[in-house]
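*Asks:* Residue-level listing of the chains:
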Amino acid sequence: MLSLNELWFVLVAVLFVGFFFLEGFDFGVGMSTGILAKTDMERRVLINSIGPFWDGNEVWLLTAGGAMFAAFPNWYATLFSGFYTPLVLLLLALIGRGVAFEYRGKVEKEAWRKTWDVVIFIGSLIPPLLLGVVFADLIKGLPIDQAMEMKASFFGDIVNFYSVVGGLTMVVLCLVHGLLFTTLRVTGDLQERARRMARMLMVPLAVLVVAFFVLTYFNTEIFNVRGGILTAVIALLVIAFALAAVFSGKKRDGWAFGMTGAVIVLTIASFFIGLFPNVMISSIDTAFNLTVTNAASGHYSLKVMTIVALSLLPFVLGYQIWSYFVFHKRVHEKGHLEY
Amino acid sequence: MDVVMLSRIQFAATTIFHFFFVPLSIGLAFLIAIMETMYVVKGKEEYKNMAKFWGKLFLINFAIGVVTGILQEFQFGMNWSAYSRFVGDVFGAPLAVEALLAFFLESTFLGLWIFGWERLSKKVHLLCIWLVSIGTVFSAFWILVANSFMQRPVGFTMNNGRAEMNDFLALITNGQLLLEFPHTILAAFMTGAFLVTGVSAYKLLKKQDVQFFKKSFIIAIIIGMVSSIGVALVGHQQAQYLVKTQPMKMAATEALWENSGDPAAWTVTAFIDTKNQKNTGEFQIPYMLSFLSYSKFSGEVKGMKELQAQYEQEYGPGNYIPPVRTTFWSFRVMVASGSLLILFSLYGVYLAARKKLENRNKWFMRLMVFSIALPEIANASGWIMTEIGRQPWTVFGLMTTADGVSPSVTAGQVLFSIIAFVSIYAILAVVMVYLFIRVIKKGPFEVVKEEVSSDPFDKEGYRHAIS
Chain A
358 MLSLNELWFV LVAVLFVGFF FLEGFDFGVG MSTGILAKTD MERRVLINSI GPFWDGNEVW
418 LLTAGGAMFA AFPNWYATLF SGFYTPLVLL LLALIGRGVA FEYRGKVEKE AWRKTWDVVI
478 FIGSLIPPLL LGVVFADLIK GLPIDQAMEM KASFFGDIVN FYSVVGGLTM VVLCLVHGLL
538 FTTLRVTGDL QERARRMARM LMVPLAVLVV AFFVLTYFNT EIFNVRGGIL TAVIALLVIA
598 FALAAVFSGK KRDGWAFGMT GAVIVLTIAS FFIGLFPNVM ISSIDTAFNL TVTNAASGHY
658 SLKVMTIVAL SLLPFVLGYQ IWSYFVFHKR VHEKGHLEY
Chain W
379 MDVVMLSRIQ FAATTIFHFF FVPLSIGLAF LIAIMETMYV VKGKEEYKNM AKFWGKLFLI
439 NFAIGVVTGI LQEFQFGMNW SAYSRFVGDV FGAPLAVEAL LAFFLESTFL GLWIFGWERL
499 SKKVHLLCIW LVSIGTVFSA FWILVANSFM QRPVGFTMNN GRAEMNDFLA LITNGQLLLE
559 FPHTILAAFM TGAFLVTGVS AYKLLKKQDV QFFKKSFIIA IIIGMVSSIG VALVGHQQAQ
619 YLVKTQPMKM AATEALWENS GDPAAWTVTA FIDTKNQKNT GEFQIPYMLS FLSYSKFSGE
679 VKGMKELQAQ YEQEYGPGNY IPPVRTTFWS FRVMVASGSL LILFSLYGVY LAARKKLENR
739 NKWFMRLMVF SIALPEIANA SGWIMTEIGR QPWTVFGLMT TADGVSPSVT AGQVLFSIIA
799 FVSIYAILAV VMVYLFIRVI KKGPFEVVKE EVSSDPFDKE GYRHAIS
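Going down the list, the sequences are from chains A and W. Going letter by letter, the first sequence gives residues 358 to 696 in the numbering used here. Going letter by letter, the second sequence gives residues 379 to 845 in the numbering used here.
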C-alpha cells in the first residue's frame, strides 16, 4: 500500500505527465505556426485547432506547482528559488504566449499579427526547452546544501551539455507530437504537410532521444538505482516511437499521435521513476537529498489534500474530456475562426 | 537595495498589476452571465449581442489576468522560499485547491464558451458562462483562504519550527476570511459594473447604439449600486474585526500614536511625522472612530506606541509599526473612492428609474466615464492597506517578511526579474487599453459582424447574409 507521501509523489508525477502530454502538443502546434504554416490563414487554422484547449492544458502545470507547494513545500521552495532565472524566462514566455493567442486576431493589421506570431513561436519554443533543461538537472543532481538551499550557477549547474540535450529533446518531441495533433485537427494540404514534417523530424528526434538516454546513463545515478525498471520503460519507449513512425507512414494519424503521446508519458515517467524516493538530488552530499519524506507536509495536510484531490479529479477529467469531444470536428478555413 | 526590499517591490508590482485585472474578470463574468441568462429567458437577440460585446472586453482583460496569475503562484517559491517552507503545509493547500477547483473550471468552460456559440445548445452555453463565473469566485475564495491565514493564522500547530495544518475547517471558516471574501467579491462585482456603466455612458454621450447601451447601463448600475453599498457595509465590519485581531494595523490606518481616549475621534486628514511619532494639522470628526471601531459612540482605541511596547514584550525587540503614511492614506483613498461610487450609483439608479437616461445628464455621464478607474483605485489601495499594514509581519505574529525571503536568490536576479516583468507589464497595459478602446469604438454591432465568416456558403456567413 502506498503511503500518503508516496501517493502525492505519484500525483505530482501524474500532473507533470498530463501537462507534458497535453500542453506538449499545443507547444508543438505553437512552434509549427512558425515553420509549417505558409499563410496567415494557415496560422489561424493551426491556432484555432488548439484554441479551446491550450488554457486548460496550462492549468496542469499550475496544478502541478500547487500540488508540490501543498504536499512537498521544501521541494517547491528549493526548486523554485534554485531555478530562479530559468523560471523568470519560462514565465515571460508563458505570459507572452497566452496573451498572443488571445490578441493576435483582434486587429486586422499585418504587422500586428506578425508580431504576435513571433511571440507565439518563441513562447511555444522556450517552455519545453527550459523545462527539459530543468528536468535533466533534477535527475543529474544540483548543489543543494544542508539547509536544503540550492545555490546553482546558471552556466554549469543549470545549463550544461547534458541538460541542453534534454531541453532540445523535449522541444523536438513536443514539435512532433504537435504536428501529429495537427494531422488530426486540420484537412487537406496543411494536414499532408504536417504529416510529412512529423515523419521527417522523427530521425533527428530518434538521435536526440538515444543521445539523451545514453548521456543520462553516464551523467546520472538513476540507472544504478533502478536499472531494471528503467530499461523496461526505455524498451516500451522504443516500441512506441517505432510504432509512431509506422502509423504515421500509414496515415493512421490517431494512432501515431497516441504513440508520440506514449513516448512523452514514458519519458516523463522515467524521470520520476529515476528520482524516487528523492525529489531533488544533491551533488554535494547524498545526505542532503530532498526526499518524499523530508520535503513533505505533515500527515494531516496530506490527508486533507488527498480527500480534496480524489473527490475533485473525476469531475475535472470528465469535463476536460467532454470539451475535447465538443470540439472534435476538424478546423478549416471555411469554418468559424476566432483568432 | 537588498534582496528583501527588491523581493517586496517585485511582489508588490506583480500583485498590484495582477489585481487590476482579476476583479474586472470576476465582475464582468458575473454581468455577462446575467446578460446571457436574460437572452435565454427572454429569447431576445439584443441580450446575446450584449453578452458577446461585453464578452470581448472580458476576454481581453481575462487573458492578462490569467497569464499574470501564473507568476503569482510561482513567486512564493521563487522569491519567498523560506516563507514557503515555513507555511507551505498550511498555505499550499488552498493554492492547490484553487488550481484544481477553480482554474480548471474557468479555463475549460471559457474555452467552451468562446468557441461554443454554434456548437452547444443555448442552455448548455449559458451553463458554461455561469461555471466560468463560479470558477472566478472560487478562485478568489481559495486565494483569500491563503491570505486570511497571513492576516490571522488559525488551524495550525507549530512543529519543528514550521507551521503545520491541524484543522482545515478552521482555515476555511477563519473570521478574517468570512469578511475579506465578501468584501473582495463585492468589490469585484462593483469593478465590473462600473466598467460597463462607464463605457455605456461614453457611448450614450456619443449617441451611438443608444438602446443597447441604455439597457447595459441599467443592468450594470443596479449591480453597481448593490455591490458598492455591500462593500462598504462589509468593510465596516472588517474594520471592527481589525481592531480586535490586528490592532496595530488599525492604529496605523488612523495614524494613532497615542491611545485615542474615550470617545475616539476620527482623523480625516493629517500631516504625519513618523520620525517624532506625532501628527500635525489633524482634521478630526469627534466620536467617529469609536463608531467605526465598535458601532457605538464610545470606546477607546489603542495607539501605536502602547501596541509597540506590548508587541516587544510578546515577540522580542524590534519595530512593529508598519509604514504609517502608506497605510493611513491608502485607507482614505479606498474609502473616498468607494463613497463616491455609492453616490454615483444611487444617482444613476435614480435617473434610470425616472427614465431620464434619454435626456442624459451630460456632466453626470462624463463622471461615470471617469469612474471606471475608481474601483480599480479602491481595490489597489485596499490591498496596499491590508498588506503594508501587516508589516513587519508576513504571517501575523509568526514570521516577519524579512525572514521569509529566499536565501539562495541574489539581488541581481531579483532586479533582473523586476525589470523584465515590469517592462512586459507596461507593454501589456498599453496593448490592453488600445484593444479596449478599439472594441469600444467599434461598438457592439461591428464586433458581432466581424466574427462572421466571410464565406457566404458557411453556415454563419449565410445566416448573416439573409438577416
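Certain hints may be false.
[Said to hold, decoys possible] Selected chain W positions facing chain A (in silico; Cβ < 10 Å):
id, residue
1, Val419
2, Tyr461
3, Pro472
4, Leu488
5, Leu498
6, Met543
7, Phe742
8, Leu745
9, Val747
10, Phe748
11, Ala751
12, Ala804
These are computed hints drawn from the structure, not numbers from a lab. Just so you know, even glycine gets a beta-carbon here, dropped at the ideal spot from N, CA and C.
*Asks:* Work down the list of hints and note, for each, if the structure agrees.
*Replies:* Structure-based check of each hint:
no.	hint	verdict
1	Val419	violated, 24 Å
2	Tyr461	holds, 8 Å
3	Pro472	holds, 8 Å
4	Leu488	holds, 7 Å
5	Leu498	holds, 7 Å
6	Met543	holds, 5 Å
7	Phe742	violated, 32 Å
8	Leu745	violated, 29 Å
9	Val747	violated, 22 Å
10	Phe748	violated, 25 Å
11	Ala751	violated, 22 Å
12	Ala804	violated, 13 Å
Checked against the numbered hints given earlier, the structure breaks hints 1, 7, 8, 9, 10, 11 and 12 and satisfies all the rest.
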